[in-house]
Amino acid sequence: MISPNLRIAHRFLTAKKRAMFMSLSCTILGVGLYIVTQATTSGFEQFFTKTILGINGAIRIEDKFQETMRSVAAAGGGDSYFARRDGVKNIEGIEEPQTLMKVVRDFYNVRGVSAVIRGNVQVTSAFKTEDAQVFGIKLEDHVRVSDLAEQITNGDLDDYRNSPTGALIGRVLADRLQLGVGDSFQISSRGETRQVRVAAIYETGYREADKSNIYLHQPLARSLLRRPTGATFLQISLQDPNRAPQDAARMEHVLQYSVKPWQEREKTWLAVFRALRISTGITVTVFTLIASLAMFNTLAMIVLEKTKDIAILRSMGYERSDVTRIFLWQAGIVLAIGAIIGALFGAGITWLVGQVPLPINGIFKTDRFIVTWDVNHYLGAILTAVVMVMIASLIPARRAARLEPGDIVRGTAQ
Amino acid sequence: MPAPFSFLPSPASGAAAPEATRALRCRNLHRHLGEGEGRVQVLKGVSFEANRGQVYAIVGPSGCGKSTLLYLLGLLDRPDEGEIEINGRTMSNHDDRARTAARGEHIGFVFQFHFLMLEFTALENVMMPMHKLGRLTPEARRDRAVALLEAVGLEGKTHRLGTQLSGGEQQRVAVARALANQPTILLADEPTGNLDVKNSNLVFDLLTGLAKEHGQAVILVTHNPEIAQRCDVTRRMRDGVFVE
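Residue numbers (my numbering), protein chains in the order written: chain A, 1 to 414; chain B, 1 to 244.
Calculated from the structure, these hints are not laboratory results.
Hints may be right or wrong, so weigh each one.
[To be verified] Taking lysine-lysine pairs in the DSBU-like style, the calculated list, with each CA pair at most 30 Å apart, reads:
(1) B:K157 <-> A:K308
(2) B:K44 <-> A:K16
(3) A:K260 <-> A:K89
(4) A:K89 <-> B:K157
From a predicted model like this one, the values you see are computed outputs, not experimental measurements.
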C-alpha cells in the first residue's frame, strides 16, 4: 500500500506539471550529460592507455643501480672505519636478462616478461635512407608483453617467426621507404650491415613507434648491434596495469634496477587527459548545479504555494517529519524518473557519439569517436544526481517542516 | 433539527448518552504577537472550559484575540504563559510531536476559508486524517469517509476535486474531514463567515448536530450574532480577555 506521504507528494508534484517537467528535464540532462562526458573522456584515455601498453608494456626495467661508498672514520678516532652510502650510479642495460626475467616472473601481477636489445640504426631501401631503431626480441616472449600480434596489418607473423632474417616494420617507416611485404632492405649500425626482408608491416597508431621501430630476431639484432650478451631493457606486462606504480616500486627495491611504470613514462599525455577530465568535470559540475538549482527552485516554489496545505496537514496530525518526507518524496520521484530516463538518454547519446566519424592517427589510431561503456559511469551519474537533488530538496523540505501552522492560518507565515 | 450523524459509529461504542464532561480547559493564557515595536499582547490571561456535548461561541470585535485563542486551544500555536488541558492532559508544555499527535486524535478543525487540499477529491480529503492516524483499516476509512460525505449531503460528489466544488460544498467537506477521526473537540474559526445564509445554517446545523449526538465539544469563533445565539454558551472577548 502506498504511504500517505508518498500519495500526497505524488499529487503535489503532478499538479505542478510545468515545474515538474522543468526539474525532470534538468535531472535527465544532468544524468545524461554526466554519462556522455565520462564515456567520451575516458574513451580516449583508455584507448591511449591500451595503445601504449600494447607497444611498450606496463613496466620497463632498464639500468642497474650501483651504490657508491666511501669510508668514514668512526667517532672516537682509532682505526675504525665504516662504509657510508654516498650516492647511486646507474649502469646502463641488463647484464643477465635470463636470471632477472626468472625473478621478475615470480612477482605477483606479472603476466609476461620480454628481454629487448635496442639500438639506433640506418635503414636503406632502394628508394631512400631513414634513421630508425632496432628492437631485438624473442617473438614468443614479446607477444606476451605487447599487442604486436594484433597490430600486424600486412603480412604474416608466422612468416616472421620462420624467417631468421625477417623484420617487422612500422607502417609509417614502410611508407617512407616504400617497402612492402617481401621486399628486402639494409640495416646498418656502426659499420655493420645486414640485409633483411619485410616479413610483416604493423601499425600501432602511435606515430613515433610506427615511423622508427623495427623488430628483428634477437640473434640478428645481437650481431648487428655487436652485443653478444645482456639486454637493453626488460618489458613487462601486468594482469592489472593500474597497479604498475606499486609493482614497479617493489621491483626497484628488490632488484636494485631502475624500474619505470607506464604512468611515469607517459606522464605528459596522461597530464593532458587529466586536464581534459577536469575540464569536462567542470562542465558537468556546472550543469549538475543548474539541474540542482532547478530542483531547488521547483520545490521552493511548491513550498511557497503549499503553505496552506502544510497548515492543513499539520492541523490533521501530520508531523514535521511527515512534511519533510512529503517534499523529499517529491524530489525522490523526480530523481527516480530522471535517473532512469537520464541513464537511457545518456546511453543513447553515447551510442550516437560512438558513430561519429573521427579519423585520428598520432597518439593512437581510430576512425570513429571513441567511447567507453562502463557501468560505473551510470552509477556515478546516479549517485551525483542523488546527492545534488537531495541537497537541493533538503532546504525547501526543512523550511516547509519548520512552518508553524498557527502562523500560516493567521496569514503571517514568513 | 435532524440528527445527521445518528447512523455513524459512536466514538464510545455502547456508551450511554454523552455526559457533560470537560473536554478542554485553559488557564491564564497569555500570547504576544509581532516583534520589536510591533509586538502586541493579544491574550491577557484568558481562562476557558468546554464540556462535551456543548456548543460554544466566542464572539467579539476583530483583533480581540478570538482566533488566536482558538489556535492555542487547537495546539496549532504555543502560549507565552498559561496551561491548556485536552481531555484532562496538560498539553501546552509538550513537544511538537505530542501536540501534533493530540491534534490528530482529539481535535478537528474547520477554518473560515475551507482549506481543502484542492488536488484531492472530496473523499480523499476526508480520508486524509484517517490515513495519518491509522486507526481504521483502509476499507473502513473509505466507508467512514463516504458515510461522512453522505451525512453532509455530498454523496454524489465524493470523487470531485476541491476545485470542482462550490464554497458551501467545500466547507461541508471540511466539516466531514474535521469529524473523520471522531475527535472530542471540534474547533471552527468563523466556519460560516464565507457562506450565504442557507449554507451557513446548514453547516452550523451539521456542527451542532454532531455535538449533541456524539458528545463532542464544539467551539466556534463567529461574527454572526444569529449563529452565536443558537449556541449553548456564548463568551464575549474584548482586548484579549473575556468580558462576560
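Output the numbers, in ascending order, of every earlier hint that fails for this structure.
-> 2 and 4
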